[in-house]
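Listed below, chain by chain, are the residues.
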Amino acid sequence: MSVVPVTTPAETDVEPPVSLWRDAWHRLRRNRLAVFGLMVVVILAFTAAFGPYLTPYDFLSQDLSARNLAPSMSHLFGTDDLGRDVFSRVVYGTRTAFLVAVVVTFIAVLIGVSLGAMAGFFGGLLDKIVMWLTDMTMSIPNLLLVVVINASLKSPISSWMEGRYLVTLNPIYRETVWVDFLLVFGSMALISWPPYARLVRAQVLSIRSRPYITAAQALGLTNRIILMRYVVPNALGPLIVAVSAGLGTAMVLESAFSFLGVGVNPPTPSWGNMISDGLRVWQHYPHLLAAPAAVLGLASVAFSFLGDGLNDALNPRGAK
Amino acid sequence: MMANDIRPEASRERLLDVKGLTIEIETRRGPATIVDGIDLHVDKGETLGIVGESGCGKSLTMLSLMRLLPNKIRVTQGEANFAGRDLQKMSNSDLRKVRGGEVGFIFQDPMTSLNPVMRIGQQLAEPLIYHRGMSKAEARNRAGELLKLVGIPGAVERLDAYPHELSGGMRQRVMIAIGLACNPQLLIADEPTTALDVTIQAQIVDLVKELRDKLGMSVVWITHDLALIAGLVDRINVLYAGTVVEDAPVDALFANPRHPYTQGLLASIPKLSDQRTTRLSSIGGTPPEPGRRPKGCPFAPRCPLVEQICHERVPSLEGTGKAGAHRVACFVAQRKLEAA
Numbered sequence: 001m002s003v004v005p006v007t008t009p010a011e012t013d014v015e016p017p018v019s020l021w022r023d024a025w026h027r028l029r030r031n032r033l034a035v036f037g038l039m040v041v042v043i044l045a046f047t048a049a050f051g052p053y054l055t056p057y058d059f060l061s062q063d064l065s066a067r068n069l070a071p072s073m074s075h076l077f078g079t080d081d082l083g084r085d086v087f088s089r090v091v092y093g094t095r096t097a098f099l100v101a102v103v104v105t106f107i108a109v110l111i112g113v114s115l116g117a118m119a120g121f122f123g124g125l126l127d128k129i130v131m132w133l134t135d136m137t138m139s140i141p142n143l144l145l146v147v148v149i150n151a152s153l154k155s156p157i158s159s160w161m162e163g164r165y166l167v168t169l170n171p172i173y174r175e176t177v178w179v180d181f182l183l184v185f186g187s188m189a190l191i192s193w194p195p196y197a198r199l200v201r202a203q204v205l206s207i208r209s210r211p212y213i214t215a216a217q218a219l220g221l222t223n224r225i226i227l228m229r230y231v232v233p234n235a236l237g238p239l240i241v242a243v244s245a246g247l248g249t250a251m252v253l254e255s256a257f258s259f260l261g262v263g264v265n266p267p268t269p270s271w272g273n274m275i276s277d278g279l280r281v282w283q284h285y286p287h288l289l290a291a292p293a294a295v296l297g298l299a300s301v302a303f304s305f306l307g308d309g310l311n312d313a314l315n316p317r318g319a320k
Numbered sequence: 001m002m003a004n005d006i007r008p009e010a011s012r013e014r015l016l017d018v019k020g021l022t023i024e025i026e027t028r029r030g031p032a033t034i035v036d037g038i039d040l041h042v043d044k045g046e047t048l049g050i051v052g053e054s055g056c057g058k059s060l061t062m063l064s065l066m067r068l069l070p071n072k073i074r075v076t077q078g079e080a081n082f083a084g085r086d087l088q089k090m091s092n093s094d095l096r097k098v099r100g101g102e103v104g105f106i107f108q109d110p111m112t113s114l115n116p117v118m119r120i121g122q123q124l125a126e127p128l129i130y131h132r133g134m135s136k137a138e139a140r141n142r143a144g145e146l147l148k149l150v151g152i153p154g155a156v157e158r159l160d161a162y163p164h165e166l167s168g169g170m171r172q173r174v175m176i177a178i179g180l181a182c183n184p185q186l187l188i189a190d191e192p193t194t195a196l197d198v199t200i201q202a203q204i205v206d207l208v209k210e211l212r213d214k215l216g217m218s219v220v221w222i223t224h225d226l227a228l229i230a231g232l233v234d235r236i237n238v239l240y241a242g243t244v245v246e247d248a249p250v251d252a253l254f255a256n257p258r259h260p261y262t263q264g265l266l267a268s269i270p271k272l273s274d275q276r277t278t279r280l281s282s283i284g285g286t287p288p289e290p291g292r293r294p295k296g297c298p299f300a301p302r303c304p305l306v307e308q309i310c311h312e313r314v315p316s317l318e319g320t321g322k323a324g325a326h327r328v329a330c331f332v333a334q335r336k337l338e339a340a
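Residue numbers (this note's numbering), protein chains in the order written: chain W, 1 to 320; chain H, 1 to 340.
Here chain W stands alone, though its shape is the one from the complex (with noise of 0.2 Å):
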């Protein structure tokens, strides 16, 4: 007495197939926004990697005879007080707030996953441990951890490669540049972690307790197995979205304290320290103020939307 349907023709015609991806870049691609965001994201990532090699002048190279420069076809954004092309300067300014962006949002992830992971999966203890140092982290204002760092660390480690070149006469230590980089990278990294913790647990608590998580144990596959293909994958779409956010606040923090002078120093060019120069002769140059921070503006509303229109593309089930 089988009671198994027959099969009727107009059952069998299902969609083609398509990957979890592939549906979402389709749902992306539906979203205007999102694909503004992706394309000018695209447009900086392809600006910060060549651009710096594609740029008609030199970003130091000072023209005391050309200074202040309205924005002409010679100069796209016109110069600024030491006669540097403004264009170039903000091309190489987004070499730096991506550098910035990439490194400290890579590192923070990196750090919050793998906490966020253990914290959710192992529990107890370790849980509780991770969760103290996440919040006691995010107790922290990081404009005040990114002064302090400046203040305390700066000096002693710049007189120190002072010294080591007085000594050596090795010119890796005249290069000071890069100890910017890495108080700007690593104090932005310290306390850019702690969101991504608390992500990572919360998603890996809720999938931990999923029928499909005890259906793939009752069928006897590894903890390794449902760790990379039933957990990592169900709580992968809203950690995209955080990533996909986290850069563009990592660039507009870069940004704010390059502002405040204590981010990345001149004469290495930072949207933010170029809006700060801009802002004492706005009234008389307006352009030095305003290329940078349309620069930017743009840059942080892209971000945003690519974030808005991952988080819609990437749930499967919000499909419309």
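These aren't lab readings, by the way, just hints derived from the structure by calculation.
Even glycine gets a Cβ: it sits at the ideal position worked out from N, Cα and C.
Hints should not be assumed to be uniformly reliable.
Said to hold, decoys possible - Computed from the model, here is a short list of chain H residues facing chain W with C-beta under 10 Å:
(1) 95
(2) 112
(3) 117
(4) 122
(5) 126
(6) 127
(7) 162
(8) 181
(9) 182
(10) 183
(11) 285
(12) 317
Claimed, not checked - Ranges between beta-carbon positions, derived for each pair:
(13) H:97 to W:128: 57 to 67 Å
(14) W:223 to H:197: 34 to 44 Å
(15) W:223 to H:339: 23 to 33 Å
(16) H:168 to W:53: 39 to 49 Å
(17) W:125 to H:132: 54 to 64 Å
Fit chain H to the given chain W structure using the hints.
Leaving out everything else, chain H in the frame of chain W:
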């Protein structure tokens, strides 16, 4: 397949034999017993129905066999032998081979028991690759066959579907296909039809019945719906508050329920012959909370036939039929049978 009790004892081979299994939960007031020294057995080729109301420990008992209990709940006593090996003492890696390979599981909720971000073909292939060492292509072929076996229309095209693209009934069929993937000797179905509507329930029951006869495996079907499994199972164990109160061949149980709890359960099944004005019969009171079990028979506070002894001692499950196949844990029922 019915009337298993007339088979001679020697021809039966125990596949699963659970003895004195006790499960406790950690609470703020200390450990509380959920399952109290339960005895269960399933023979080769036999279908056992486990019936009981919510929270009586049906699912936990089955999960504990595969050591899949959630946090804070653990087995404190007893053993569970499967094909001659104690599942509780087995190493983790041996146990993983039993899980999915020799014992298939079908879970209650097909909506949440499939990985939402993995195509069903992959989910079906996973145990085949892991337990049978198949290549991806072989596993995919076999996955297509399995979907056909469980009656999914357009089986091969469906391999690339995501769970959310299927209906509840179809998903439960996929779950059954995953449970059957490695030709297990025992299929444990934990209320597999609870989340489905009535016509689909009947289809699933018939599907499992057909597959059982085709593949010759043993089945444990957990349910709270006695009527649903009447045509499927050989034997029924009635669970109450973590103990088996009655163990009987299905015909005997329906014809002659002996435990007052079983009698209450059967009386509460609505009948077509009932008048519209007849109230459904129910059992008064609620089952004991874990940690607040009565000293004597756990059913005593709700029992219509309760006597003084019921409050003082726990009745054991005693055979009363000719071959000892119909067993009941009730002082009153046992005395009646002795007198008869």
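Tested hints:
A cut of 10 Å between beta carbons decides the hint on residue 95 of chain H: the least distance to chain W is about 8 Å, and the hint holds. Against a cut-off of 10 Å between C-beta atoms, the interface hint on residue 112 of chain H holds, since the closest Cβ of chain W lies about 4 Å away. A hinted interface residue such as residue 117 of chain H counts as satisfied when its beta carbon comes closer than 10 Å to some beta carbon of chain W; here the least separation is about 5 Å, so the hint holds. Evaluation of the residue 122 of chain H hint against chain W yields a held restraint, the C-beta minimum of about 8 Å falling below 10 Å.
Checking residue 126 of chain H against chain W: minimum C-beta separation of about 6 Å stays under 10 Å; hint holds. The beta carbon of residue 127 of chain H is positioned within 10 Å of a beta carbon in chain W (closest approach about 5 Å), and the interface hint is therefore held. The beta carbon of residue 162 of chain H comes within 6 Å of a beta carbon in chain W, closer than 10 Å, and the hint placing it at the interface holds. The interface hint given for residue 181 of chain H holds, since its Cβ lies 8 Å from the closest Cβ of chain W, which is under the 10 Å cut-off.
Hint status for residue 182 of chain H: holds, given a least beta-carbon distance of 9 Å to chain W, under 10 Å. Proximity of residue 183 of chain H to chain W is violated relative to the hint, the smallest CB-CB distance being about 14 Å (cut-off 10 Å). A cut of 10 Å between beta carbons decides the hint on residue 285 of chain H: the least distance to chain W is about 31 Å, and the hint is violated. Of the supplied interface hints, the one on residue 317 of chain H is violated, with its beta-carbon coming no nearer than about 28 Å to a beta-carbon of chain W, more than 10 Å.
The given range of 57 to 67 Å is broken by residue 97 of chain H and residue 128 of chain W, whose C-beta atoms sit roughly 36 Å from each other. Checked against the hint of 34 to 44 Å, the C-beta distance between residue 223 of chain W and residue 197 of chain H comes to roughly 36 Å, which is consistent with it. For residue 223 of chain W and residue 339 of chain H, the hinted distance range of 23 to 33 Å is not satisfied, since their beta carbons lie about 57 Å from each other. At roughly 58 Å, the beta-carbon separation of residue 168 of chain H and residue 53 of chain W lies outside the given 39 to 49 Å, and the hint is violated.
Judged by the Cβ atoms, the range 54 to 64 Å given for residue 125 of chain W and residue 132 of chain H is violated: they are separated by roughly 40 Å.
In summary, the structure is inconsistent with hints 10, 11, 12, 13, 15, 16, 17 from the numbered list given earlier, while agreeing with the others.
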